[in-house]
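**Student:** Listed below, chain by chain, are the residues.
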Amino acid sequence: MGGITMSSVLFDVPGPRARARHRVIGVITALLLLAVVAWAIWRLYENNQFAYEKWEPFVTPAIVRDLWDGLLITLQIAAVSIVFANIFGMLFAVGRLSDHWLISWPCFVVVEFFRAVPVLMMVFFFSIKYASEIGKFWVITIPLILYNGSVLAEVFRAGILAVPKGQREAGSSIGLRKYQLMTIILIPQAVAAMLPAIISQCVVALKDSALAFVIPYEEIVSVGNRIRNEFHNSFATAIVLAVVFIIINYSLSRLAIWVERRVARRGRTAVKHPPTVPGVGVGDESMPG
Amino acid sequence: MDVLFEEWRQIVDGFWETVQLLVLSGLIATVIGTLLAAMRVAPVRMMNAIGTSYVNVFRNTPLVVLFILVVFGLPELDIQYTFFEKAIIALSVYTAAFVCEAVRSGINTVAAGQAEAARSIGMTFTQTLGRVVLPQAFRAVVPPLASVYIALTKNTSVAAGFGVTEATATLSALLNNDPQAAFALFFGIGLGYVLIVAVISTGSHLLERRWAASR
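Chains A and D, in that order, are what the protein sequence lines are. In case it helps, my numbering puts the first sequence at residues 1 to 289. In case it helps, my numbering puts the second sequence at residues 1001 to 1215.
One or more hints might be untrue.
A few chain D residues that don't get close to chain A, going by computed Cβ distances all over 10 Å [what the hints assert, rightly or not]:
no.	residue
1	V1023
2	L1024
3	I1032
4	I1150
5	N1155
6	F1186
7	R1210
One-sided excerpt, in silico: chain D residues whose CB lies under 10 Å from chain A [claimed, not checked]:
no.	residue
8	W1008
9	I1050
10	N1056
Here are the computed distance ranges between Cβ atoms for each label pair [as the list claims (entries may be wrong)]:
no.	chain 1	residue 1	chain 2	residue 2	range
11	A	E133	D	T1202	35 to 43 Å
12	A	A30	D	D1178	37 to 45 Å
13	A	A30	D	F1183	51 to 59 Å
14	D	P1075	A	V83	33 to 41 Å
15	D	H1205	A	H100	49 to 57 Å
These are calculated hints, taken from the structure and not from any lab test. For every residue, glycine included, the Cβ atom is placed at its ideal position computed from N, Cα and C.
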């Protein structure tokens, strides 16, 4: 991203012969793709995957309603976990930047641990140990808060560190205290620069909410899993679930890119190039969750 | 704590399975992902479209849904593999999308002059990419690629829900046997993951430092 796009530098502006060659390669690629698609369709047809009863559940009102309710719960899990993850992330980012090692060290350990441990492991832990006390919603949501919060802690920390030194110095020189510096000068600018990364993290939370299927809960993937077991249409169900997630997540990614451009254009922050944090990326380059 | 020592054999076996999933799907994903990245920057429209669609589809699908498709969907199409093989397929296909994006961002960091110089001495697109741009891109790509492998390490745990007894499945089994020891098990096995992640990020730092000199 940014600067000259490499793809235009990698090759000359094609002349007539190159254009003809590219067209031939394009046609061959298209034919290969067509062959793969045709093979897949044939394979699906052979195995009766286009039969009406495989897809019937997805036009049955009662089941569509179940899926819709499941989707709402999925969105709820993602929304709640992102809100709390932001609070968690902010606290631990500031904690890690503390001058007192008694504060910064525990924050470092917590953030690094929950960034390295699989979310599914936490889900198993909470589901076996605490399911009866906290309920299934929190069995999936707490792990998502801990994981996304730790990732966001690193995002915020990088954002705070990326605010130009002059801002901090200017604040100090007019007599602001450390916490005033943090809350008035640094955090607002860091958040503006990090907004796209926060939106990208929503995509991660939405995808990871699917891990609730091991509990199982009532979000859309657990609902899908029930449908699949009842109607023996795993292939069809997986495709439907995938399409739903792709539509939502693709829109969110576009939103992140749009916000990124807007923040850059309106100059809401002194941070010129939001730093990239290992494990997270901005908009276009988000990392697997 | 005792449970960790009593069950060490089972835990080590679990992590061995995790490492196998990580290495095999990491290798396959790197190959597919690099090819996809080349397609995304190629001068042929059709290839760009395929690369872009692949990334948008698999980056936005939950890994669990992909696992459902591969583990339960493929047998419906009469395509039979073991659980382990199917886990490798799902993880590779998913991770390839992220490798593609990491490599593509690496290609974008190579100075434009490098590619221009290569072209000015008459190199073709394939030569420019293969001999000049990609070798340099792989250096710039070490940190983001390391992040992809770290994410993959954690993602191998999803296989626990689909019949592969790797480390997380081992944790789940041990937790069910002995809920009293939940904390020891959770932090003990968690540390195993922390260790794998630490190895990957240390390796990435070493490579970065070593290659940084030659630029």
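**Student:** Each hint should be assessed against the structure and marked as holding or not.
**Tutor:** A quick look at each hint next to the structure:
Non-interface call for V1023 (chain D) relative to chain A: holds, since the shortest CB-CB distance, roughly 17 Å, exceeds 10 Å. With a least CB separation of 17 Å from chain A, L1024 (chain D) remains clear of the 10 Å interface cut-off, as annotated. The beta carbon of I1032 (chain D) sits about 14 Å from the closest Cβ of chain A, which is more than 10 Å, so the claim that it is off the interface holds. Remark: the non-interface label on I1150 (chain D) conflicts with the geometry, its nearest Cβ contact in chain A lying 6 Å away (cut-off 10 Å).
Non-interface status of N1155 (chain D) relative to chain A is broken: a Cβ of that chain comes within 10 Å, the nearest being about 6 Å off. Here F1186 (chain D) does not stay apart from chain A, with its beta-carbon only about 5 Å from theirs, under the 10 Å limit. Distance check for R1210 (chain D) against chain A: the nearest CB is about 18 Å away, which clears 10 Å, and the non-interface claim stands. This hint is violated: W1008 (chain D) has a C-beta 18 Å from the nearest C-beta of chain A, more than the 10 Å allowed.
This hint holds: I1050 (chain D) has a C-beta 6 Å from the nearest C-beta of chain A, less than the 10 Å allowed. Hint on N1056 (chain D) holds. Least Cβ distance to chain A is approximately 6 Å, under the 10 Å limit. A hinted range of 35 to 43 Å for the beta carbons of E133 (chain A) and T1202 (chain D) is consistent with their spacing of about 39 Å. Range check, A30 (chain A) to D1178 (chain D): Cβ separation about 58 Å, and the 37 to 45 Å hint is violated.
In this structure the hint that A30 (chain A) and F1183 (chain D) lie 51 to 59 Å apart at CB holds, the actual value being about 57 Å. One distance hint, 33 to 41 Å for the beta-carbon pair P1075 (chain D) and V83 (chain A), holds here, with the actual separation near 40 Å. About 27 Å separates the C-beta atoms of H1205 (chain D) and H100 (chain A), a value inconsistent with the hinted range of 49 to 57 Å.
Checked against the numbered hints given earlier, the structure breaks hints 4, 5, 6, 8, 12 and 15 and satisfies all the rest.
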